[in-house]
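> Spelled out, the chains give:
2 protein chains.
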Amino acid sequence: MNYIQLFEQIKAKRSFLCTGLDSDIKKIPEHLKASELPVFEFNKAIIDTTAEYSIAYKPNLAFYESLGIEGWKSLELTVNYIRNNYPEIFIIADAKRGDIGNTSNLYARAFFENMNFDAVTVAPYMGEDSVSPFLSYDGKWVILLALTSNKGADDFQYFAEGNTRLFEKVLTKSQEWADENKMMYVVGATRAEMLEDIRKIVPNHFLLVPGVGAQGGSLQEVAKYGMNSKCGLLVNSSRGIIFADKTENFAKVAGEKAKEMQLEMEELLKSYKVI
Amino acid sequence: MNYIQLFEQIKAKRSFLCTGLDSDIKKIPEHLKASELPVFEFNKAIIDTTAEYSIAYKPNLAFYESLGIEGWKSLELTVNYIRNNYPEIFIIADAKRGDIGNTSNLYARAFFENMNFDAVTVAPYMGEDSVSPFLSYDGKWVILLALTSNKGADDFQYFAEGNTRLFEKVLTKSQEWADENKMMYVVGATRAEMLEDIRKIVPNHFLLVPGVGAQGGSLQEVAKYGMNSKCGLLVNSSRGIIFADKTENFAKVAGEKAKEMQLEMEELLKSYKVI
Chain A
0 MNYIQLFEQI
10 KAKRSFLCTG
20 LDSDIKKIPE
30 HLKASELPVF
40 EFNKAIIDTT
50 AEYSIAYKPN
60 LAFYESLGIE
70 GWKSLELTVN
80 YIRNNYPEIF
90 IIADAKRGDI
100 GNTSNLYARA
110 FFENMNFDAV
120 TVAPYMGEDS
130 VSPFLSYDGK
140 WVILLALTSN
150 KGADDFQYFA
160 EGNTRLFEKV
170 LTKSQEWADE
180 NKMMYVVGAT
190 RAEMLEDIRK
200 IVPNHFLLVP
210 GVGAQGGSLQ
220 EVAKYGMNSK
230 CGLLVNSSRG
240 IIFADKTENF
250 AKVAGEKAKE
260 MQLEMEELLK
270 SYKVI
Chain B
0 MNYIQLFEQI
10 KAKRSFLCTG
20 LDSDIKKIPE
30 HLKASELPVF
40 EFNKAIIDTT
50 AEYSIAYKPN
60 LAFYESLGIE
70 GWKSLELTVN
80 YIRNNYPEIF
90 IIADAKRGDI
100 GNTSNLYARA
110 FFENMNFDAV
120 TVAPYMGEDS
130 VSPFLSYDGK
140 WVILLALTSN
150 KGADDFQYFA
160 EGNTRLFEKV
170 LTKSQEWADE
180 NKMMYVVGAT
190 RAEMLEDIRK
200 IVPNHFLLVP
210 GVGAQGGSLQ
220 EVAKYGMNSK
230 CGLLVNSSRG
240 IIFADKTENF
250 AKVAGEKAKE
260 MQLEMEELLK
270 SYKVI
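Keeping their order, the protein sequence lines are chains A and B. Residue numbering for the first sequence follows numbering that gives the first Met the number 0, starting at 0 and increasing by one per position. Residue numbering for the second sequence follows numbering that gives the first Met the number 0, starting at 0 and increasing by one per position.
Hints in this document: simulated from the structure, not taken from any laboratory. Possibly wrong hints are sitting among the right ones.
Note that identical chains are pooled: a pair holds if it fits in a single copy or bridges any two copies.
To be verified - Cross-link-like lysine to any residue pairs, in silico, SDA-like; alpha carbons within 20 Å at most: (1) Lys-251 <-> Asn-227; (2) Lys-272 <-> Leu-134; (3) Lys-26 <-> Glu-69; (4) Lys-43 <-> Glu-220; (5) Lys-12 <-> Glu-87; (6) Lys-150 <-> Gly-215; (7) Lys-32 <-> Arg-164; (8) Lys-12 <-> Pro-28; (9) Lys-150 <-> Trp-176.
This structure is a prediction, so every number in the text was calculated from the model and none was measured.
For reference, chain A alone in the conformation it holds in the complex:
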């Protein structure tokens, strides 16, 4: 999927919601646990009620990897289910991978060939050759960690050489590897005020913004500081949507929560004159 198709979808759905499929088996409704692949059953139901409002889905790999082979099956089936039923939707492997070039190649093969993801989140610490193998696929994206939403972001991401903080160095340096048609950045909603500085370095790029909702970030603030003329934002919500209800009504309630976010996003897209 390219930048233009992504923006077309945002305009059509009047949303910039990324629904995070952090489908922790310990938190899914009890009645699903008897099925053969409970996580896949859960995801299917969630996807059917939220796809109308979602631009992207983002399964975090940890929730699948922690289930071993069963989790891997559930992940593959989930990606195929989205592809086959909602082909317009952008699918992100939230994997935070990154290794020496020879090895990153194989991660790229895993996510872009074996599974049909559109994008992978990648950790920048190991530099260019750890990132570039993911950039060699047409129509596929790297989403590089820049400024994350967690407390630990303070430990190293603000480390500064002169006036340049590490996350700013990551934003600048990585633009030598790919432009806004292949690369996005992770910027946590809990650091919304930082988006103003970040937009000076990457005015046109899409930003993947986690941390709204359970982690305390504000959608209004994210739009205020981060939105550009092509929206340029994918705001993720996971727990606030998928675990809003834990009864047999869970999927219906998830759809309602996704719709609430879509409506709020539509207002913001209008007020910043993106649509």
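Once you've looked at the hints, dock chain B against the given chain A.
Frame of chain A; chain B shown alone:
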């Protein structure tokens, strides 16, 4: 496994070799490819001829993840095979994971509960809460990326605040989270001269050193700058051992290559008076 047990194994085997199980299915001998799980068959044979000389095994997850469910099965069987047949050996998941605390918890579950690894490599970029979930398991270790062996290490790891480079900040800061009984660091052999500076910050820690052999690092240099009184080194070799021969003799030749390294390591352990 604790620090003392690791050192006891080093003294008993007169080696500090970590054999990297980067078992790329595209590189394993042809005659194995007809079996149901060729990567597992390959690993088993390699392990049987190299265990005598190896302190640790380190499967890099990318080589397994890129095979999907089959790869996951091969990995689980490999870990169990080592555990059951060579219980003294330290097993490292070279996964370079790291995510917000809530999510790193699940990666820790995957590697330390579902599979019985002794250690996981972790990327430091997201800071303390991305690392600490891996530290909550008794007898399990984090191996944190500090200065990696690849070219891209230059992009961010030497970024400096005053006189402190990022990899040094990682070494210093992370000592607030765990001591040398729970934490090791990755330092590439291609940066052997940097080991002198690194030992000033972490004199007692074990260092996992990739990059000897195919990547060009020198074992002599690594020992010169990095060895401490308890050895403090696990030097990894992957391709130089496991793909030294691609005929039906592959396992025998791998054993010979591992023995060559062990003999060289024994000399170094003696000359630095560790044994």
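> With reference to the structure, classify each hint as holding or not holding.
Evaluation of the provided hints:
1. In this assembly of identical chains, the alpha carbons of Lys-251 and Asn-227 never lie at most 20 Å apart, being 32 Å within a copy and 61 Å across copies at closest.
2. For the identical chains of this complex, Lys-272 and Leu-134 are neighbours neither inside a copy (32 Å) nor across copies (48 Å), given an alpha-carbon limit of 20 Å.
3. In the homo-oligomer, the alpha carbons of Lys-26 and Glu-69 lie at most 20 Å apart inside one protomer (17 Å), although the nearest pairing across protomers, at 28 Å, exceeds that limit.
4. In this assembly of identical chains, Lys-43 and Glu-220 lie within 20 Å of each other by CA distance neither inside one copy nor across copies; the values are 32 Å within and 55 Å between.
5. Taking identical chains as interchangeable, the C-alpha atoms of Lys-12 and Glu-87 lie at most 20 Å apart only when both belong to the same chain, with a minimum of 11 Å there against 58 Å between chains.
6. In the homo-oligomer, the alpha carbons of Lys-150 and Gly-215 lie at most 20 Å apart inside one protomer (12 Å), although the nearest pairing across protomers, at 38 Å, exceeds that limit.
7. Taking CA atoms no more than 20 Å apart as the test, Lys-32 paired with Arg-164 passes in neither setting, with 46 Å inside one copy and 49 Å between copies.
8. In this assembly of identical chains, the alpha carbons of Lys-12 and Pro-28 never lie at most 20 Å apart, being 29 Å within a copy and 51 Å across copies at closest.
9. In this assembly of identical chains, the alpha carbons of Lys-150 and Trp-176 lie at most 20 Å apart only when taken from different copies (14 Å versus 28 Å within one copy).
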